[in-house]
Structures are given as structure tokens and as C-alpha cells.
Amino acid sequence: MVLVLQILFVSILACLVGLFLIGLSRKVTARIHWRYGPPLSQPFIDIVKWFSQTAVSHGKLFDAGMIFSLTGSVVVVLFLPFGGICPLSGSGGLLVILYLMLIAPLGIALSAGESANPHASIGVSRKMQLAFGYELSLLMILLSLMTYYRTVSIVDIVETQIQAGWSLVQLPLVVSGLAYLLIMPAIMGIRPFEMIQAPQEISSGPMAEYGGKFLAFATLQHAFNIYIGLSLFVNLFMGGGSNAGYFLIKLLLAFMVFQVVHAVWPRFRIEQAVRYLWRWPALLAFIGLIIVWVTTS
Amino acid sequence: MTKKSGKMDRNNIGKWFKSPGNMGQKYSLHALYFCTGCGIIEIPPTITTRWDAERFGVIPVATPRQANLFLITGYVSVKTLRYIIRSYEQMPEPKYTVGFGSCPINGGMYWDSYNTIKHLDKYIPVDGWIAGCMPRPEAVFVAVTHLWTLIDKGMATGYLKYREHYAKYRRNQEKILGELEWPPLFSKEEENEKSREKVAG
Amino acid sequence: MKLEILLAVFFGGSLLTYLLGKISKRARDILAVLVLLFATAGITSLYGKSSTATLYTGFLDFPMVLSIHPFAWIFALTIAVVGLCAVIFSWLYIRKKGRTDFFYFMMLLVIFSMIGIVLSGDFLSFYIFWEMMSWSTFLLISYNRGKAIAAGMKYIVMSVAGSLAMLVGMISLYTQTGTLVFEGISGSLNSASSGYLQFILILFFVAFGIKNAIWPLHVWLPPAHSEAPSPFSAVLSGVLIKIGTFGFILLIYGIIQVQVFVNLGHALFNVRNLLLLLGAVTILIPTFIALFQDDAKRLLAWSTVAQAGYIILGIAYGTSESLSGGTLHFFNHALFKSLLFMVVGAVEFRTNGVRDLNSLGGLIKKMPVTFVAGLIGVCGLIGVPLTNGFVSKWLIYHTLIVNHSPFLAFVALLGTWGTILYSYKLIHHIFLGQLPRKYEKLQAAPVSMKVPMIFLSLTVFVFGVLPGLPLHVINLSELGFGMEPLAINMWGVVTGSGSIQMLNIATALILGGIVLWLFFRMGPKNTRADQMDNYAAGAPVPADRYQYSVKFYDPLTRMIAPYLKDIADNFYSALARGIRNAGNGIRRIYTGDVGNYALYIILFLAILIFIQLYWKVW
Amino acid sequence: MKNPGKKLQDELRSMFESISTEGDGENRMTVKCRKEAVITMLSFLKKTGFDHLALISCVDRLNDNVLELVYILSSYGGDVAMQKLNILLKTTIPRENPQFYTATEIFGNASPYERELHELYGILFRGHPRLTPLFLEREYDIPPFRKDFDTRKYVKDVFDQIPFVDDKKGRT
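Residue numbers (this note's numbering), protein chains in the order written: chain A, 1 to 297; chain B, 1001 to 1201; chain C, 2001 to 2618; chain D, 3001 to 3172.
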């Protein structure tokens, strides 16, 4: 019974945190643009509005893909430790998280493909290429972590960090931490790697044909995506927090770092993004992996 | 916010629970970024730093599917009318249109031109008008607040009127544009059944 | 059920199908399926038993031994099941094409010779069935005439080279140990020197590597797959590739015990590291090449080469978990890869012969069941949780990480992301996007094609959620090899350093899906729009031209292209040219008129005399 | 040289008969000639360096019942003096079913201008590769830019005939 409560608590809180962070990001961007910006509760208002509209659907896969992608995000959230709680820590660990993280983009790709709109297909192909770009370094970083802590499960990594201090400051892991910082905007899909939903170029990419309810689901998926990216970083590199309060503060801290970058940076083209991702972060991650491999063999 | 044009009741939680649909529509008007005519030059200053429209929840969006506010900015030429009708029909309901500037109202300074549409109201339903030959961003905000009061009173029902009298609208459109490339949005029987249920409901 | 009766029925049945075909086509189809049903039933009845039956043949009094043990059982069952589905699939597929009796006869011959290899207990019968399989595969690959014959030629040349290497290996084993039976050899091999063992390993590595399409020896596979008829390429890439895997496992775990194999030869430059390296390269390069392909079957062929790399990694790594991961991946790959080939075959059947990805699109509206089967196959290929590909890949990654070799794990994980890219390209170009007008009146796949596809998709799901079933059998086979089995339960693996329980992943995903589906049904009902009512900046949607599929990953592929010149293929064609020129040179010597030959003899004698005079050799 | 085109004017007058050229000081030179000479004049001017056809426009002279075509040429090549000079080549064609030769062989960029004149003035350019309408959606019996086209009457006939969509709230 406690497990069910934990699951409900973590998933609802993750959703609220994600939406709050989107509202905060619009507010911070506005403030940086020297204007007032929407209230912090604007994403909640948008979702209420979207649910009061009659959306247009292009077929069963169009709906099913959307639900499949949001389910993937929700389930990933259950595997990530939230402060002290990790509802489904029993099974798998980082490898399972990695594989569950690919359900969300796959779901959106399928439903966007079904909308028979080339803008959506271009957006999805950009999403796949960008994912392939940052996965190269993300995999090396996670492998260096797993070999350094000699475990696959993320809960153990958090525990060892609580005693031994943040892994960002452990000597062999600093390089990997730096590489992770460089690819973080790409994982969360925020500027300078926002070319997937570029409203000006490909009329918001996969979301070109999304109407009322689908936009609500897409925003929720984006919220979960931001939460997952941040909580993975906080859990793996910033010690994860012994209780929920610490965890949320660290989350906010990490979020502000990337939010400021998001507010002022222009948008990369997809070749520039992949070339960049395969050059500097990949180099750092590779060096990090070698260091860890040598020191702990 | 001037008293006359309706107060901003976004933080009034009671109203959120009483009619979430209306409140949601009011405080998250996503405008379709479609430059129909000369008026579009007024939209960028409206949404950027000096007259920030985002504080009212109004942001430009790329495709009609994501929009619920259609701002017809400036004069409407016969050629652009075809694209306006297509975009309007692709927007999900409830949707609101606002005629921006004097040209959509009655032709404005092009009142006697052979190539512009005089009364936009004959082809698509329009919920609100902003007078002025390229009205200023403050006028856009007045229009938005007026739209709020219309939505509150339930009078911003252009989309229902379009659904009810679709045959008339379609005939007017075909009279001006000749044969249209897309099938009628609401087929005959579906439309009657919907309007009957609307009246009954 | 005795083994020899089983094999007798197999080959008798296939011959009978050929003859019956002359009388009535309908009866032949049914008989082919009946024989295969009998085969599957017979094999399943042998579950758990491990018996050997030695039949004395007159051939140089080498005993022909047939043996069944849990390890061979899992291979045999997969071959029989995939073969059964392929034959049912080819009922309608082959009907319109000519020489259908020949096709069925060859198909059954291939399937039963593969089962023969798996059941053989000694090298002689192993070699006989091996040759039978190679030849029938060649005939089936070149079934479509035209370009297929060149592909078949390429295949048969390489597989003959492989079997010759195996023959040399067998003979040297015989001279070394005096017997050809596997138990006998493994018993008396521990006295052999490590250099000799490495020599044997290299020889057999060439033979099994060609069949298993390891990176430098994979050249025959893409043309063979894309030219072969679809039901056969389902069998070819589903199971036939894995006979090389069976050979590797038999050799490494059966004959040369795995401890011997692991620390054989020099610490760094030994056969195990060579296999691991080639396995890793086999995962990466074909995955990138598959991104470029525009022909559906060629894309799947390159994906088969890539997935074979995972199995090689699993087997060559040597721990019990990696062996079970590799074997489980073989079993899963056989299921979802043959499923994918059948999906492409069904699409090809309906659009009579269109395989080019750029001219298809939107077929989900016309062939929904085929789409669902294709989607499940692709999810299995990627390894989405709840499908069987996930469990076997997790096992392989887990051993690689825990046993401190992160670079191999990195290559394998990166291969997965490449798989996602090209498998989405496959699904998107065929089923999603805009339906061209010429396919408006396309019917769905016929029932005889839908049944095998639905069955295989169900197996992909069942073994994804309940991986315990195949893992239990693999544990039995590991016991047979004398290795300590994995701690498993019905839902997954429970090892010390990280366990995987499909139960909570499955419940989380399914419950989450239901809750979100209810959440989705809140609010007003959606209106339905067809593909023409689409956003095109206000303009009407242009028919047939509103699909983005040509050069789908162009920014990425443009970056990778310069590094992906097919080195292996150029090497072989250079080799072939060199041999042909050398051949020409020698041909000129035999001019045919006797005068020249007399001249050669005199010249030769003169040289001999000259040597004798000068160096007085004798 | 105050009147830059002096040398060019003498040259033209010597070459072609019945033309009148006069420079007006601000680097503009108008050349009037018969409609048959226009095509040869254009190719001659192009050879002497006036390789840029800026515009073809048309003036509807209703009272003397004639349509006046104006070709505006300027020069990028040639010497600096030449570059300052703009040539306005004028000719007149009758108003009833006006026809003329196309200039697309000499100046490739003439085709949109000629399509526009065809659509708005009704001038038929013989030899034009693709004389399809450029802007207008609807057909007009009198081409709209002609002076005898009464726009107010047209608006009254077409736009005002379309009824408002009457609504229960009594909006006409």
C-alpha cells in the first residue's frame, strides 16, 4: 500500500514540478527580455484551456502514440529517486531508465508520423538525429559512473554519494560531469537545441498537427522530460538529496543554470548541433571514461 | 485596465471552478501568427518587450491547430481570403476572430478597390473589431479585454454561427473565390443534427 | 520419439511435397505445413531429454551420431517455428510466381538440414547437413533469376570457402584425437597445446564467421537478403545466420571448455579478444550503413548483421550470464527479424514488388494489422521494455558493465540508438506519412500472411513480459556445459549486482497507460480529419507530394558518409580481380599446340643442367 | 558634359528615322519611336551597354485613344558616364485589342512585366512563353487598370450583391 502512495506522490509531484519549471522558464525568459511575462501558473491555465477545446485527431495511432509517449515519461519518473523515495527501484537501474527514456520520443515520433504532415516528419527526423548526437556522450558518462561505483542501480549511486559527497567533485568523475553539463540542454530540448519544435522554421515540428488535448499532452510530456533530465543529473552528479526538500532545491539550482542559457541563446541548425555534440562533449566523456576505467580496473 | 472594458479576474479561483472552459479560453488566447495584410507590422511590438502581450496569456503560435484566436490584420485581398478561410476552418473550436484595422470592417481606404474584400463578416464570422488604420498595440489589448467580457457573457459565439449558417457562408465564399479546393467542412446532415443538439442543450 | 525417425520423416516429407506438387498444388501446401507441424511437435516432445543415437554407416566406419540436449533443443525449436511461419506465409506469396514445387522442396530442405545440423552429434553428420544447407540456400537465393543469381554466386563462393576451412579443421581434429564424435574430441583435447587449439579456433571461426556474417565476412548477406524471396529471407536472416552461432557455442562451450577458451593464448592477442573486437565492429558499422539504405529488405539485412554482433559479444565473453544473454538474443532476434521480413514481404506482395522506401507511405490506413506487427517487430528490434529484445540486451549490457569492460558496453548501447534511427525510418517510410493516390484501393494483407505475423508478434510480447520461460531452458543447457546457471524467476533475472523484474515494469507501463487513456478521454470528443485536411499554411494539401521521406537523416548521413566506404567489399572485389588476372596469365601457357609443350620440356631440362653444373646440387 | 547622352542621341538619330530624343538634364533621356522599331532599338541599346531592363509600364491615354508603352533601360556595364544615364523608350499602340511583340528574347526578365500588362491592360504580347494571369483571382471583362473600368460600379455589382449572413440577433 505504501508503494501505491509513493507512486502517486512521486508522479503527481513530478508533473507539478515540471509544469512549474515551464512556467518559471517563461517568466525568467520574459524577465531577461525586460518584460513582465506570464504568471507562473500559465502552463496550468494553458492545460485547462486545451482540455476545453475539441481537438482534431488523425487516427487511432495519433492518439495511441501520444498516450504511449506520456506513459513512458511517467514510468521513467517512477524509477528515479525523488529525495529519499524511489518507488520502483527494485528492477534494473540505469540501463532500464535508459531504455524507458526512449519510449517517449518513440511515441511522439509515431503519432507525429501518423499526422501525414512533412513538418512533423522533419521535426521527428531532427529529434532522432539530435538524440543520436547526445546519446553518444550520455552513454559514455553513464558507463563511467557505473564502472566507478561498480553498480548498475541508481539508488546505490545516490547512497554512496550521500556519504562520499557529490560525484561532481570526485576527482575521476569531474570530466564526465563537465561533459554532462554540455549535453544537458540537448537532453531537455531547450535552446540552443530547440530545433525540434522550431515554430519559425518547421511550424513547431512534430506538434504541427496537435490541437487541444494533444497539445496538453505534449506540454505534459515536455514537463516530464525536463524533470527527468534534471533529476537524472541531480541524482547522478549532485548527490540526489536525502529528503525531498534538498532534492527540489538542487533541481531548481540546476534548472536556473540551463534556463539562463535558454533565454539568450539562438537556435542551432541540426548539423551544427550534431557536429558540436560529437566533438566536445564526446571528447570529454571519452576522456572521463578512460580515466575511470584506468583508475578502477 | 479601463473599468469599462471588463476587469481581469484571472486570480478569482471561484470562477475557475464555476466555468473552467471560459476562464481557460480567456487567459490563454493563442493567436495564429498569420500576416494577412499591412496590420501585421503592429503585432511584433505587441508581443515583445514594450507592450508585452504574454502577461495576458496571448502568445503567437505557428499553426491553426494550436490557435484559438485569429487576428485578421489589415486589408484582406481576394487571394488572401482563400488562405484565411482554410486556416479558420482548421482551428479547433471554440475559436475567436478579431478584425484588426478598418479594412476588414468595411473595406477602409480600399472601399472601392476591385481586389479587396469589403465586409469580412460575409465570409467568416468575426467576434470583435479594432477600428483604426493600423491600430496601436494598446488597442489590441483593449480588444483582448473586450473579448474577455464577450467570452464571459457567452456572446463570442462566432464559431457556432459559422457552424449553424455554414451553407450561407460557403455560398458567399464560392461566389467570390469560385470553386474551392477542399470539401465543405460540415456536411449537410451532420450540421443540422449538431445545431439541433446545440439548441436543445 | 527417436531422432532418426524424426530426420527420416523430415527428408521423406520434403521429397513427398515435391512429388505431390506435380499432382495438386493445394495438397502440397497443406502437406508442407503438416510436415513442419509434425517437426515442431516432435521437437517439443524432446524437451529436457538429452539422448544420443549412434547409427553405423558404411562410410569408412565413421559412426553417424545424432544427439539432443537442451541447448540443441532451443535452436531446433526456433528453426522449426520460424520455418513453419515462413511456409504458411509463402502460401499466397509464391502462388503467383513460377516453380512453386521447387521453392517448397528447397524451403523444407533448408529447414530440415538446419535441424539436422543442430541435432548432429559428430562432425561428419554436422558437415553433411552443413553442405546440404549451403546448397539449398544457394538455390533459393537465386530463385528470382536476374540479379539474384549474382547474389547467390557471391553467397556460395564464400560458404564453400567456409566449409573447406571447416573440413580442414575436422580432419586435423580427427588426426589429433582419433574420433569425430563431439564427446570423444572434447574428452581428449585437454592434452592439446594452446597453439593447436588456437589454430582450430581460427579455422572454425572462418567457417562459422562467414555463416554468422561477422564484419569482414559479412559481404554476401545484404545482396543475398534483398534478392531472396521474402519468406525465405525471413528464415535466412532469422535462423540460418544463427547456425554459425550454434557452431561457435558448440565449439567454445561444448568441445573446448569455456575456462580453457577464456585464458587461451596471449593475455591481449587471443582469439577471444579478436571475437569481441569483431563483434563490436559488427554492431557499429552495419548500423550506420543501414541508415543509408532505401530498400526495405537491404536495410533489414544490414540490421541482421548488426544484431549478429550482439550475439557474438554475448557468446565470446565467456561468463554464464553473457552466454544466456547471447542465446536469448538469438532466440528473440529469430522471432522479431523474421516478423519484420514477413511484414516487408506482405507489403511487397500487396504493392506487387515495391520495396523502395521512398515511394511508399501511409499504408497504415490500408494495412493496419501489418502495421501493428511491424511496430511490435521494430520495438523488439530496438529493445523497448515489454518486448523480448529488451531482456536479452539488458543481460549482455549487465555482464559487460559488471565485468569491467565499459567500452564494449558503450559500442553495444550506441548500436541500439542507431537501431532506433533506422527502424523508425523503416516504419515511417512504409506505414506513416501521406498515402499516395495509387495505393488508395490497396487491400489488407491476406489471412494466410496475417496468421504467422500475429503469432510472432504475440511471442515477442509473451517472451518480453515473461523472460523466465526461455531463460529456464537456457539454464538447462548451461548445466549441460557445466556452468553455473543464472538465478532466474518467471519475471526475469535476480542477480546480486542488479536484477530485472519485468513484472513491475509491465504493471507500471500498463497501469500508467490506462490511467492516461482515461485522462485523455476527459474533455470534449475529438473530431476526425483525413490526411487531406492538414496544415499547409492555408494552401490545399498537394496530393502525392506531401511526404518527407527522401534523404530522411540527411544532415547526419552527410556527416558519416565519408567514413563508411565499404572496405570489406572493396577488398574482396580486389581479391577477385587479382585471382582472375592470375588465372589469365596461367591460361596463356597452355597454348594447345604440341610444339610449345616440347619446347617447355627442353627449356626445363636446360635449366636443371645449368643448376647442376653451377651449384652441383646433387 | 551637361547633357550626357548627347553623343548617343546623335548616334540614334542618325541610325533610326522618325524618332525624337531629348535629354532633360537629370540623366534621363526619353526616346519616342514607332512601335515597329522598338524591338530593334532594344537590341541595339542592349549592345551599346544598356543591359538592364528596369521596367515595362503602360499609360492609358483615353482621350487620344492610345496605350503608351514605356521601356525603362539603365546600364551597369560600359563607362561611368553611361551608367548615370536612364533611357525611357516610349511607343504608342491602339487601345482596341492592343497587341505587341514580346521582349523576352532580348531581356529575359521582361516576362513578368508583360504578364502584368496583359492581365491589367489586356495587351496581348505575341510570342510570350507563358501569358498566364499574375495576381488577379477573378476574371474581368474590362481589364481593371484601364481608365474606362469603373471600379465603383464593379464593387457595387460584385461585392455588395453578396448578402450578409443574417443572424437571429437581427444583424443585416
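In short, the hints are calculated from the structure, not lab data.
Ideal placement from N, C-alpha and C gives every residue a C-beta, glycine not left out.
Please note that the accuracy of each hint is not assured.
Partial chain C-side listing against chain B, Cβ under 7 Å, derived [as the list claims (entries may be wrong)]:
id, residue
1, 2520
2, 2523
3, 2538
Only pairs whose alpha carbons sit at most 25 Å apart, straight line, appear in this in silico BS3-like list of lysine-lysine [claimed, not checked]:
id, chain 1, residue 1, chain 2, residue 2
4, B, 1168, A, 27
5, C, 2525, B, 1161
6, D, 3046, B, 1168
How the hints compare with the structure:
no., hint, result
1, 2520, "15 Å, violated"
2, 2523, "9 Å, violated"
3, 2538, "3 Å, holds"
4, B/1168 <-> A/27, "45 Å, violated"
5, C/2525 <-> B/1161, "20 Å, holds"
6, D/3046 <-> B/1168, "57 Å, violated"
Hints 1, 2, 4, 6, counting from the list given before, are not met by this structure.
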